[in-house]
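Start from chain A and add chain B with the ligand according to the hints.
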Amino acid sequence: MTRLATGGLIDRMQPRRFTFDGRGYQGYAGDTLASALLANGLRLVGRSFKYHRPRGIWGLGSEEPNALVELRAGGRQEPNTRATTAELFEGLVAHSQNRWPSLRFDVMAVNGLFGPLLSAGFYYKTFMWPSSFWEKVYEPLIRRAAGLGRAATAPDPDRYERMHAHCDVLVVGAGPAGLAAALAAARSGARVILAEEDFALGGRLLADRQEINGAPALDWVAWVLAELQNLPEVTLLPRTTVFGAFDHGTYGAVQRVADHLPEPPPDMPRQRGWTIVAKRVVLAAGAVERPIAFPGNDRPGVMSAAAVRGYIHRYGALPGRHAVVFTAGDDGLRTATALRDAGAEVTVVDPRPEAPAMPGMRVVAGARVVGTRGRLGLSAVQLDSGERIAADVLAVAGGWNPTLHLSAHQGGRPVWDAAQAAFLPGTPPPGMVVAGAAAGRFTLAACLADGAAAGLQAARDAGHDGRPLDLPQAEDEPAGLRALYHVPGRKAFVDFQHDVTVDDIALAAREGFRSVEHAKRYTTLGMATDQGRTANVVGLAILAEATGRGIAETGTTMFRPPYTPVTIGALAGAQTGRDFRPVRRTPLHAWSARHGASFVDSGAWQRAEWYARPGETGWRDSVDREVLQVRRAAGFCDVSTLGKIEVVGPDAAALLDFVYANTMSTLKPGRIRYGIMLREDGFVLDDGTCARLAKDRFFVTTTTANAARVMQHLEYAHQVLRPELDVAILSVTEAWAQIALAGPQARDVLAQVTQADVSNAALPHMACLDAAFVGGLRGRLYRISFSGELAYEIGVPPEAAEALADRLLAAGAVPYGTEALGVLRIEKGHAGGGELNGQTTAGDLGLGRMLSTTKDFIGRALAQRPALVDPARPVLVGLRGAGLRTGAHLLAPGAAAVTENDLGHVTAACWSPNLQQTIGLALLAEGRDRIGTRIRVFDALRGHDGEAEVAAPVFIDPEGTRTRG
Amino acid sequence: MRIPCPFCGERDAAEFLTIGSAPPPRPAADAPMAAWHDYVHLRDNPAGLHAELWQHIHGCRQWLRVMRDTRTHVVAGAEACRR
Ligand SMILES: [Zn+2]
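Just so you know, the sequences run in chain order A and B.
Residue 555 in full-length UniProt numbering sits at position 555 of the first sequence, with consecutive numbering throughout.
Residue 30 in full-length UniProt numbering sits at position 30 of the second sequence, with consecutive numbering throughout.
If we strip away everything but chain A, and leave its shape as in the complex, we get:
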């Protein structure tokens, strides 16, 4: 055990048991998995990606490149989880990754012996070999050898949420700068959101031992949080990572609501994805210590120096008793002090000849670490003087990298500051200011002052004024630093997670990959799940050196969201499975379900496809019965999904003349006209009916599929093209339940349900009227026909739909579904979805004569293009023949089945119970001339090759006498 007897922010009264690779251990509430592993003396926690080298814990937070584990099991199994951010909970189960058969003995570690084969660019070089060799030999081998954790194979059992929020000031990071910024902004009355990825607020104050106003800094943190929690306009979001800065002050964040619990309670989502729109943002994300590349720097026990003192101070966990601190500056000396005070024996290795003496420890000035020893963990450190020092922990302090990622997500390039040996934020997105260590102001006093000023200014910019904070007293720690990125030698790792070494980067430079973006892709530096947060600056420095340029000249790669990995669940929220989008149900949905309907998805709608009756053995039985019933007696169909639009106003007729290809202004009130609309490019947009309810009031119907598009089209035609017209357009689709009633007995049925006069004289074909229905309902009657029978559409308020359906049933009509509707329309040759496919002209559909020649309308000009009036275009015809299926292609009999011989395709097909044969509709080149001939029907997808007879598209009652009867 390396747990200290006292100290740290853990609760020793609350033990937490957990397992790692099947063995039981114990930690405490307040631990992370990483701190608990260290406190149990475990240094080896994983194997590296390519070479399967033993790896331990490097860092303290989300920057961790090494200690990736599989967390939990079953549907909750979570690969590549950073042990440094996983909060310990009772019963936590974790496994190491990328090792076989065990972590301590991994046969794939022989990859390390073949290191040169897997060096920079090996993917690209291997691809140069014969591709079959790659597919059969290399890829399976690499897939088995390289890789990270395994994803869960069971469905995720947890719930996720999405949240949208607006604020005046979003503060990212709750370290000293972030807390000061939030307090300054909140006191002005601004609406503040403070987001912190850690579960505890305080940032580095949790990991360092510092004083504010002469007292422990954590007292100040507690005091600030107490005030913030009492301000009604402040939202504190711990466990929340702001992962992306998007356009116009929009930020993405993910809140780990229940990741710290064994499983989420029933009322709690696992995670919550936030979209935050902020007027101003203070980025106070701190900084991350970078490594120094030297041979053997990846051995378990080699750690970030800032992390080492964090484990001591925050978790009471001592990573080693024989410590070497390799520091390029004063910051590492604080770790040396922390180690000494915790009882470790400490040697400081400092490349600065002027390195200060430190009480209670040995300081080797002007020296460097050039190697490490130890099989599965560190046992000794090798210095350039030749001296070897026995050690179980090597704390490395290479300087700090500001966490400026969000400042660069909108393209602002970081700027190299040679004095501080760090990239600083360039031009942040509008509305953002960077404060504290993220802006390169590393001392505690500077962070507090910077944060307070930034928070107040942000609040003022967002329209709230306040007084400056009384700045708390704190020190400016010494921050001397000698820029030191690497020490010569082999197997010096830069990117721990992707196993990229100094040699790999040098090789890339020799092979001509001088651009930082090219070198990144060639070596995969910074492309692992940690996105190179510890590796990138070291890698750039080495590339700069290898190409004889400065770091500023070499530049950085682009920063893009997300800052840390985001689960798909948090992005999807509740919109999964059936809830992916809203389901639309008609007012008759429940009624139809009670009467045996099964339903089919039609866009977002669910429509009754047929109504099964007892004794019917399959869907065809039901559909054939429904079709015959309509042709022989009467049936009714729920057509509420049709788009319905009211066009109202003095210029309503003028607008409709403009959007319809045919003329509507000549329509008399109380009459209906079939119409087609074209797109401006001359192709058909949609068809439907237009009823004139009054001189200045029209009722337009659209197909179900195009309802939204036609509405937008009408609004565009009005607002953009004809803004001078005085007209209003309103979608009333959901205001009406619409029922089609069809069949030779339709009028008799109708007479039983309405008090209106429905005689042929009072309500002739293509007429409409307001009607009262039995039971006191009011609605409208439209005499129109889609089936070719004597038919009506009845519109009633949605709440009256079931009563109307009951009365129609009692009067002798039967319900029919969309399948029967489809058969009826194919028998009648009406265009439907298969024909209104966006590539057909009015002429193709046999409707060419509807195009007005006496007025301007949308699509008029380009409908005259030569290719659109070419007589050889495929046109609508009927087909009769066994085996017809939608999508089959049409060829001249005997012609080879090649694209050049293609004459068209089948757009709709069905069994016609009236004709007792399979019929279809098709778009066929020179189709009218081919009526009466035979055509080859070729369907390579479903393996059909047969013949059909070409026919006129109207199979039933071509004269239309039934409709008018």
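For the record, the hints were derived by calculation from the structure and aren't laboratory data.
Bear in mind that the values here come from a model prediction, so they are computed numbers and not experimental data.
Using N, Cα and C, we set each Cβ at its ideal position, and we do this for glycine too.
Any given hint could turn out to be false.
Stated by the list, open to error - Lysine to aspartate or glutamate pairs mimicking DMTMM-like chemistry, simulated, CA-CA at most 20 Å apart:
1. A:Lys-279 <-> B:Glu-10
2. A:Lys-695 <-> A:Asp-651
3. A:Lys-855 <-> B:Asp-30
4. A:Lys-855 <-> A:Asp-657
5. A:Lys-279 <-> B:Asp-12
What the hints assert, rightly or not - Quick list of the computed label-pair ranges, beta carbon to beta carbon:
6. B:Cys-60 <-> A:Pro-468: 39 to 45 Å
7. B:Ala-28 <-> A:Asp-806: 53 to 59 Å
8. B:Ala-14 <-> A:Glu-354: 55 to 61 Å
Claimed, not checked - Anything over 10 Å on all C-beta distances counts as not near chain A; from chain B, calculated:
9. Cys-5
10. Pro-6
11. Cys-8
12. Ser-21
13. Pro-27
14. Asp-44
15. Asn-45
16. Ala-47
17. Leu-49
18. Ala-51
19. Gly-59
20. Arg-61
21. Met-67
22. Thr-70
23. Gly-77
24. Ala-78
Relative to the frame of chain A, chain B with the ligand by itself:
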């Protein structure tokens, strides 16, 4: 992205539909075919300030003419097509 609707205020782009570049004025009914071809098929594609048409479909349903910089996404302004 945020679109400043003159009727509803600044709203998330997810509430809008866009057809991209704002078309030129619609030709007169008797314009030659070439003019119609340009009107329907040719659009500006500048790197910089760009006039676009957006409809606030999940709001006031008004078509808006939005001036947007294609390089920075900065929206210089939005006005209703029909005022
Ligand atoms: Zn609006």
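Hints the structure fails to honour: 13, 20
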